[in-house]
Amino acid sequence: MTTAASRLPQMPPPAHPRSTTESPFVRGLLIGVALLFLGLFLFLPLISVFVQAFAKGIGFYLRTLSDPMAWSAIKLTLIAAGISVPLNCVFGVAAAWAIAKFDFRGKNLLLTLIDLPFSISPVISGLIYVLVFGAQGWLGLYENADKPWFPWLANWLNDHDFHIIFAVPGIVLATIFVTFPFVARELIPLMQAQGRTEEEAARVLGASGWQTFWRVTLPNIKWGLLYGVILCNARAMGEFGAVSVVSGHIRGQTNTIPLHVEILYDEYNFTGAFAMASVLAFLALVTLALKLWIERKNAALHAAAE
Amino acid sequence: MAAPKNRVLPGFRLTLGYTILYLSLIVLIPLAAVFWKTCTLSWGQFYQVITSPQALAAYRLSFGAALLAAALNAVFGLIVAWVLVRYQFFGKKLVDALVDLPFALPTAVAGITLATLYAPDGWIGQCFAPLGIKISFTRLGVLVALTFIGLPFIVRTVQPILEDFDPEIEEAAASLGANRWQIFWRVILPTLSPALLTGFALAFARALGEYGSVVFISSNIPMKTQIVPLLIMTKLEQFDYAGATALAVVMLVFSFALLLAINVLQWWTNRYNHTGLS
Amino acid sequence: MSVEVKHLTKKFGRFVALDDVSLKVESGELVALLGPSGSGKTTLLRTIAGLEFPDPGNAQVLFYGQDVTMIPASQRQAGFAFQHYALFRHLTVFENIAFGLRVRPAGTRPSEAGIRQRVEKLLQLIQLEPLAGRYPAQLSGGQRQRVALARALAVEPKVLLLDEPFGALDAKVRKDLRRWLRNLHDEIHITTLFVTHDQEEALEVSDRVAILRAGKIEQIGTPEQIYDHPASPFVYDFLGNVNLFHGRVHEGSVMIGDTTFITAQSIAATESKAVAFVRPHDIRITREPAPPRTFPARVIRSNAAGPFAQLELERADGGDRFMAQLSKDEFQRLLPKNGEAVFVELMNVRVFGDDFSI
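Protein chains in written order, with the working numbering: chain V, 1 to 306; chain X, 307 to 584; chain L, 585 to 942.
Hints listed in this document are in silico derivations from the structure and should not be mistaken for laboratory results.
Cβ pair distances, simulated, as ranges:
(1) X/Val570 with L/Glu610: 53 to 63 Å
(2) V/Glu198 with X/Trp487: 48 to 58 Å
(3) L/Arg598 with V/Glu198: 35 to 45 Å
(4) V/Gly195 with X/Asp470: 18 to 28 Å
(5) V/Asp67 with X/Pro436: 34 to 44 Å
(6) V/Lys75 with X/Trp342: 29 to 39 Å
(7) V/Asp67 with X/Phe318: 47 to 57 Å
(8) X/Ala403 with L/Glu610: 51 to 61 Å
(9) L/Lys921 with X/Asp470: 53 to 63 Å
(10) X/Ala403 with V/Tyr268: 29 to 39 Å
(11) X/Val559 with V/Arg105: 22 to 32 Å
(12) V/Glu198 with L/Glu771: 50 to 60 Å
(13) V/Arg105 with L/Asn825: 52 to 62 Å
(14) V/Pro219 with X/Gln360: 49 to 59 Å
Every residue, glycine too, gets a C-beta built ideally from N, C-alpha and C.
Between the sequences and the hints, there should be enough to build the whole structure, so can you do that?
What follows is the structure, encoded as structure tokens:
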């Protein structure tokens, strides 16, 4: 039916602000309780790290950090993170691709396995590697047995004085274990939500598998990937329990920054311990700031798309 | 004859194969080693290790402190989430971001900081010292450390539910005569309880296995302030691999049970919100 | 329990939701608040419920003469039903309806048996007894709305306020529930206000209709009154389809082209431009001219599917297009062909000056 009349321009109906809320007294009380709780458990600890670190002045702080032992700890931490993060990144992408783009039986089992390190105590995470590679473990036992498994491997290891436990490789392995879920956990829900249609379109247009991945998938997941890498890295550099078990605490050789913190603390060099700890605390703050920045970027992207 | 499975997208075998290989090397084989090692113990020995008085005391402390810490976080985490979602105050965005700190901060850093802070001469500890309450180096210290690391779990599981909460439901309850407390207790809390429970379970699981933040603040005295992960560590240092492994098996079994419970909880939550008819 | 509002004004930022609105609803009346989106009808309803508060001034909300303007919703005893039901998802149908009774302070709360009795009576009223143990997620939209109504009625409110109660439902369900609501009201005679943007619903169900536009009440009256005697072009157009014919006022009658119409309205005898409003079903089509009452037009197309036949026509002199609605009988007698020239007579013409805007 046509009519020559036009309708009123539509005014957007205003969103109704919450019309039922607590009395100002209750509100103030709840805010106070929340802030007190967070203050005791969050703010004060954070502040005290930095205060304690600089308690003996900047000179002491810098000397602690440039101490050769500290420096080797920093190097080892960087190596462990530098190896485990890229490896876990590749794993995360591969696992997310397999899970999000395909249907197969056992997906739930796979997901549960990926979540495993989150539910296992860090000490146990280190223990399992000692059990495999330690002197009394599988590899060790068979290394030292009369008829070792893989004798060529055992000989090669001995010739090159290559140890796993109580040496750098063990630390790297333990770090890989405790951090491998981070990238995967970020990417899996992200890629599941994005679906397969874009990749299928690329294939129909003739792109190869790698091209599809590089040109279509990667740009879509880049923020999630970055976020996962940041979390992975933070955990890799800060892991304590698992590394403690496999490292043997040999100064100058098998100490990471967290282990060095422990050593300084046990020697009652509190300020030194806090100085090292402040490096990690700073890293944690950078991690949080990057997380916020990525979330804001993501939200802006979504808002623009809608 | 069944049609061949033709996958449109490539890389299935490559990615799945790599994934399974990685998982096997990193996870499955080492985990198998745990159970293998346990088998070297006879049942009797196994039983003896896991029920030794030291072990039992450690279970009690680990379990009890983790439960209590998770409960504390449930109550205060709920308040924090409520305040962050519903109210405005100065510095709210900063506070919201900092809630994730226990996730991002290395456990050793948390450990030494809390130990120093709550020591009798620490900033917080000295407020309690005159009252005769010692926190660091006691079980109370263990509780503090476990509360710290579990803090974000409840807040982050409850926040999204609160943010999506339909204001009309509260208005409906108000129009029916309910006051604010009744609305919270009868309407809001039941809707939040699945998320609360999930967060509680996650915080509990994390607290059970926690090592780094606890070992500094606890005096680690066997039978008194020794948590299970530390007991395992001690046995390792004494090269009692079998004993350490036995305890690890107990913890692993419990962890898996918890993981299962959490998954069931999350499935139940989604079923609860499922609408049968549109 | 009569409801009266006086001089209500409400602004959200710069958006004026209510602009000095005054309205009185008699005890036991069923009044519809009708209007397009943004007209302020929901804001008015929520203000009466106590879910919004008017801007300070001389605004007043009176229940049976008592000033309740500043009393919050939980104490006003106004039953409110939401467009999307707002049922408590974690409670059964029974518990949803019982909610208002359970939260009463200990002194006024009925016993468990009393609650059960009251709820069961309401379940009977809404004809959903077998579903008492179900959860809202297991009900259809129409069933949920009935539960929402029962829940609001359980506390025996003095006033019942319904916010687009059938807005989220299918057309058929909406019609059935409309009738059901009217029967319910005839049974329990509770003062009811309901908000809708569906004019058919408002005209069918209510005792009186208030038409709102941009925060003001354009007209209020019985359905017949406002349909037959709309006070403004907006009301005319909002209540149904309308055709507009541009013409002139000349010596006390309306001239459209060369044709003169006499309308039932008294018009000023001045010369001015005018627009005539005619409903599609007030148009007669013949093949014989009968000047000066008829004017020539051409049939563009016709559609006889449905209870009425719709014809689209074009004025021969001006090119205005308009729609006519004929009964099936009339259409059969006429059987117009596309492109055919016919003659049109307008009945029941209503004229408004040209300085309006719809």
